[in-house]
Amino acid sequence: MSVLVVAEHDNVELKPVTHVVIAAALAIGGDVDVLVAGEGCGDVAQAAARAAGVNKVLLADNAAYAHQLAENIALLVTDVGASYSHILTAHTTVGKNFLPRVAASLGVAQISDIQGVDSADTFKRPIYAGNAIATVRSNDAIKVISVRGTAFDPVAAEGGSAAVEDVAGVHDAGISSFIGEEVAKSERPELTAASIIISGGRGMQSGENFALLEGIADKLGAAIGASRAAVDAGFVPNDMQVGQTGKIVAPDLYIAVGISGAIQHLAGMKDSKVIVAINKDEDAPIFQVADYGLVADLFKALPEFEALL
Amino acid sequence: MLIETDLEIQPLGVAQVLKALQDKEQADIVIFGKQSIDGDNAQTGQMFAALAGMPQGTFASKLTIADGKAQVIREIDGGLQTVSINLPCVVTTDLRLNEPRYASLPNIMKAKKKPFDMLTPEELGVDIAPTVEVLCVEPPAERQAGVKVDSVEELVDKLKNEAKVIS
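Protein chains in written order, with this note's numbering: chain V, 3 to 311; chain Z, 770 to 936.
The shape of chain V in the complex, shown without the other chains:
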């Protein structure tokens, strides 16, 4: 048995979610190899080699992989992964993009978003927006799996000393190209990696009012999130959305402000350790999952909150 983990990175840094995927791979068992595909990503491969529990790092460094285009990455992973018993990557927009192509090309099913490993072929995954947990068994020769980024304790980033090997040959499907990217630049931590998150919903009433959250986020070192309602209303950009179809987060502290708590939002944050809800509607469903609920007008409560920090 041997597991191939496809690393997530931006050619400069290995994303912390990769350490979570390696942890899931170690729970399955066998040798764990990490594939780093990108352009000019030698440092990423070195970082992967230092992660605890890694047997070997495979480096595919080529312009064809620079932007993680699914068409090219999938050909590479299908080729390299064919000799493994398991292929794992993170259930992020990158992993969700290329991994199903790998599974289809290998003629096997994919098991998405696992949050537990029962054995080498049996896994737990959420269905119905996390309202039920299914235990599923794969009868395929190769198990192709995406891993929930909040579900396993990451392995140590340092301590390993795996060898880095180059992957021979290049896979360029030649049917897609990268045009550009608008990536939000922020001094704040990333939503999926933050230990504290403060999120605003429709109750914020406008994008300008999110400034009320910013002061608090700065004092707490928190990331800022939003409900789908706030994104759909154009208050804030899509990459801030927490929920079933946005990001899944599990920080130590999640503060929901002006968010009613639709099940689709709860699906994205209910594994947080401590949940605080501030909402003027005392019947809002968010209070059913909140450890601490404050029924108040957020426009009064937020400035008070900031002043007390």
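I should point out that these hints are in silico values taken from the structure, not numbers from a laboratory.
Some clues are possibly wrong.
[Stated by the list, open to error] Below, computed lysine to aspartate or glutamate pairings styled on EDC-like, alpha-carbon distance capped at 20 angstroms: (1) Z:K929 to V:D254; (2) V:K221 to Z:E923; (3) V:K302 to Z:D919; (4) V:K272 to Z:D807; (5) Z:K917 to V:E284; (6) V:K282 to Z:E922; (7) Z:K929 to V:E210; (8) Z:K838 to V:D220; (9) Z:K927 to V:E189; (10) Z:K793 to Z:E892; (11) V:K272 to V:E189; (12) V:K221 to V:D254; (13) V:K126 to Z:D896; (14) Z:K917 to V:E189; (15) V:K221 to V:D81; (16) V:K187 to V:D220; (17) V:K302 to Z:D926; (18) Z:K793 to Z:D919; (19) V:K272 to Z:E911; (20) V:K302 to Z:E923; (21) Z:K838 to Z:D797; (22) V:K275 to Z:E911; (23) Z:K933 to V:D254; (24) V:K302 to V:E210; (25) Z:K793 to Z:E931; (26) Z:K881 to Z:E773; (27) V:K272 to Z:D896; (28) V:K221 to V:E183; (29) Z:K929 to V:E306; (30) Z:K917 to V:D299; (31) V:K126 to Z:D926; (32) Z:K933 to V:D220; (33) V:K126 to Z:D809; (34) Z:K917 to V:E306; (35) V:K275 to Z:D807; (36) Z:K831 to V:E189; (37) V:K58 to V:E160.
[Said to hold, decoys possible] Restraint ranges, calculated between C-beta atoms of paired labels, are given here: (38) V:Q207 to Z:D919: 43 to 51 angstroms; (39) Z:G802 to V:R190: 43 to 51 angstroms; (40) Z:R912 to V:E216: 22 to 30 angstroms.
Virtual Cβ for every residue (Gly too), placed ideally from N, Cα, C.
Fit chain Z to the supplied structure of chain V, relying on the hints for placement.
Below, chain Z alone, put in the same frame as chain V:
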């Protein structure tokens, strides 16, 4: 067109059936949702694209077609990404691509008279037997509702001294 089967439907099977149809239909753009609300798999469109040898624009929030190519703005974890893909292609839709067009009553009535092709996976030459078994389905760990606090002072005090999540 309706494909009927008594087997449990899994994403790879759906992709294989649609690939067999695409071989007949030769569509230039095949549009999928990004994920179902029950299985939350987010697989079928990408699997179909791989089987059909097509490029894909997944999680699309804007789509422009020009000169035999599709330019797709995609919702990604960090923000937005723009890719150019050759036709024929697959697009999977994200929440903000457009306003859904709801069927009007006259169109619902007309729909009842539209011709209907019924096929089975066997007739399309596709074996969709599932390879993933669901062993059990259970409720997740319940979260207990906590306490209501009366003031912002009390909230900050509890977070500092009881939950110890801020300092």
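Which of the listed hints are broken here?
7, 8, 9, 11, 13, 14, 15, 18, 25, 27, 28, 31, 35, 36, 38, 39
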